[in-house]
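A.B. asks: Kindly produce the complete structure, drawing on both the sequences and the hints.
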Amino acid sequence: MEQTIRSGVYKLLEKVGDQVNFFFSFLRHLFRKGFEWNEFIRQCFIIGYKSFPLIAITGFILGFVLTLQSLPTLKDFGATSYVPGMVSVSVVREIGPVIIALISAGKVASSIGAELGSMKVSEQISAMEVSSADPIQYLVVTRILACTLMIPLLTMIADAISLFGGFIGSNLDNKVSLHLYFNKAFKALAFSDLIPGFLKTIFFGFAIGFIGCYHGYNSNKGTESVGYAANSAVVSASLWIIILDGIAVQLTNIFAYS
Amino acid sequence: MQTELTIENKQSTDIEINGDNVVIEIEHLQKSFGEKEVLKDINLTLHKGENLVVLGRSGQGKSVAIQCVVGLLDYDSGSLKVFGKEIQELDDEELKDIRLKLGFLFQSGALYDSMTVRENLSFPLTRVLKMKDENEATRNVEDVLEAVGLKDAIDKMPSDLSGGMRKRIGLARTLILKPEIMLYDEPTTGLDPITSREISQLIIDLRKKYQTSSIIITHDMACAKITGDRIMVLNDGKFIAEGSYEDLEKSQNELVRSFFK
Numbered sequence: 001m002e003q004t005i006r007s008g009v010y011k012l013l014e015k016v017g018d019q020v021n022f023f024f025s026f027l028r029h030l031f032r033k034g035f036e037w038n039e040f041i042r043q044c045f046i047i048g049y050k051s052f053p054l055i056a057i058t059g060f061i062l063g064f065v066l067t068l069q070s071l072p073t074l075k076d077f078g079a080t081s082y083v084p085g086m087v088s089v090s091v092v093r094e095i096g097p098v099i100i101a102l103i104s105a106g107k108v109a110s111s112i113g114a115e116l117g118s119m120k121v122s123e124q125i126s127a128m129e130v131s132s133a134d135p136i137q138y139l140v141v142t143r144i145l146a147c148t149l150m151i152p153l154l155t156m157i158a159d160a161i162s163l164f165g166g167f168i169g170s171n172l173d174n175k176v177s178l179h180l181y182f183n184k185a186f187k188a189l190a191f192s193d194l195i196p197g198f199l200k201t202i203f204f205g206f207a208i209g210f211i212g213c214y215h216g217y218n219s220n221k222g223t224e225s226v227g228y229a230a231n232s233a234v235v236s237a238s239l240w241i242i243i244l245d246g247i248a249v250q251l252t253n254i255f256a257y258s
Numbered sequence: 001m002q003t004e005l006t007i008e009n010k011q012s013t014d015i016e017i018n019g020d021n022v023v024i025e026i027e028h029l030q031k032s033f034g035e036k037e038v039l040k041d042i043n044l045t046l047h048k049g050e051n052l053v054v055l056g057r058s059g060q061g062k063s064v065a066i067q068c069v070v071g072l073l074d075y076d077s078g079s080l081k082v083f084g085k086e087i088q089e090l091d092d093e094e095l096k097d098i099r100l101k102l103g104f105l106f107q108s109g110a111l112y113d114s115m116t117v118r119e120n121l122s123f124p125l126t127r128v129l130k131m132k133d134e135n136e137a138t139r140n141v142e143d144v145l146e147a148v149g150l151k152d153a154i155d156k157m158p159s160d161l162s163g164g165m166r167k168r169i170g171l172a173r174t175l176i177l178k179p180e181i182m183l184y185d186e187p188t189t190g191l192d193p194i195t196s197r198e199i200s201q202l203i204i205d206l207r208k209k210y211q212t213s214s215i216i217i218t219h220d221m222a223c224a225k226i227t228g229d230r231i232m233v234l235n236d237g238k239f240i241a242e243g244s245y246e247d248l249e250k251s252q253n254e255l256v257r258s259f260f261k
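Which chain is which? The protein sequence lines are A and B, in order.
In terms of the numbering used here, the first sequence has 31 at position 31, counting the first letter as 1, and numbering is strictly consecutive.
In terms of the numbering used here, the second sequence has 128 at position 128, counting the first letter as 1, and numbering is strictly consecutive.
Careful, some of the hints might be misleading.
When the alpha-carbon atoms are kept at most 20 Å apart in a straight line, the in silico SDA-like pairs for lysine to any residue are as follows [unchecked claim]:
1. B:K130 to A:N38
2. B:K132 to A:K11
3. A:K11 to A:W240
4. B:K151 to B:S122
5. A:K11 to B:G49
6. A:K15 to A:Q3
7. B:K132 to A:V89
8. A:K184 to A:V89
9. A:K11 to B:F33
10. B:K96 to A:F198
11. B:K96 to A:K11
Hints are computed from structural coordinates only; laboratory data are not their basis.
C.D. replies: Below you can see the structure in the form of structure tokens.
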């Protein structure tokens, strides 16, 4: 029993050490000469543009469902005019960033994990290393930076689409003009909602890219490990998003609302 | 279609074997993975211009040994010198410089899936040699593709290539940096006998053209016969026999003889 706990703790510490090492390796390569602009732009296209349909549908349904679920209760209190404000604050401050990050973890972190994992298995990463090319700079730095840039942008777009989804949801019951709806939605928002909501998506994006790259780059040599890399990338990235969100909420409460 | 190949005499390259022209020197090399001791006591020298074949059954540590040579794996003890420099004592920049003189052909070819053949071959030119001129890069790519007989495949994706073609392209990508030493990890594994002979012949031709020294890891006896100036047999983490193909064919060792049956 004691042995099992000890070996479990050792394994955990080893993993933490590996991740810290990988993080510093990323930092070292980030500031090296010869940034891979073409690969970075390609990754932005893959992560940003190709995730757009999924993010757009998710955002729309988020606002639509949130409106439909809260309308009956608010109607009982005669407070339906608060729907736009309620949707905008909850989507921009909390639900939008977290849901979009979790969806992106499923799509982006898994694909990065699987891609780098299969490159590792098929010795493509080793081939880069032995030819004196820099696989961390080419594969890891570009993907992490692309995620850090594109996830906040996708979240902003999804938030906007979500408000539109809320507008459609509201219009199923009563007629509300687009102008009035968005006027009420934006009136309810303050900078203390927008800025923390935006800032945390940068950390979510970094976590998605970093975890995806870490699991893919460090996968074992075997086809089974590709699936494992993809799977553990999604699970770890999702967990990190929840942890980071908890920290972000605490910090926001301390700095923005105190 | 004519399928018979003429195998040129590998002895046509003169190799002067003496202590001055050693390019790789391995002494008492040991490597373990956890409890499993893979390399127990490896001693090997590769001379300039020589083709050394390392023969052995699967799982005996042949690939591990050459991965130690390029610094992909760290060894536990012993000495491994490439051009007189101890591999494990080199810093990142020195290791990069040494790796520029080493070419490594992986078992699968290890082509970058998302790139065309042209991009695969340009990759080391633009990243490692920092070649800016696109025309010069294309000229280099075409030259090396011609050397491996696959000039027409320049704009194909790796997924469109056969196993033999992938190995040739992998070889071309390695040769584009003009290495002085080539390390072949089972170059004929998974290929039909005709393609295997073509690859073996290519190894001989490229040695002549690029003046390389080579270590060829294999368990394909036809490849060993065609390419090897000297053969070393690895078993249970140690070399158990060394000599020419003809010498080893007459060996009294049961295991060595079993390769020739």
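A.B. asks: So, for every hint listed, does it hold in this structure?
C.D. replies: Hints, verified against the model:
| no. | hint | result |
| --- | --- | --- |
| 1 | B:K130 to A:N38 | 15 Å, holds |
| 2 | B:K132 to A:K11 | 46 Å, violated |
| 3 | A:K11 to A:W240 | 19 Å, holds |
| 4 | B:K151 to B:S122 | 14 Å, holds |
| 5 | A:K11 to B:G49 | 47 Å, violated |
| 6 | A:K15 to A:Q3 | 18 Å, holds |
| 7 | B:K132 to A:V89 | 51 Å, violated |
| 8 | A:K184 to A:V89 | 11 Å, holds |
| 9 | A:K11 to B:F33 | 17 Å, holds |
| 10 | B:K96 to A:F198 | 41 Å, violated |
| 11 | B:K96 to A:K11 | 32 Å, violated |
Violated hints for the displayed structure, listed by number in ascending order: 2, 5, 7, 10 and 11.
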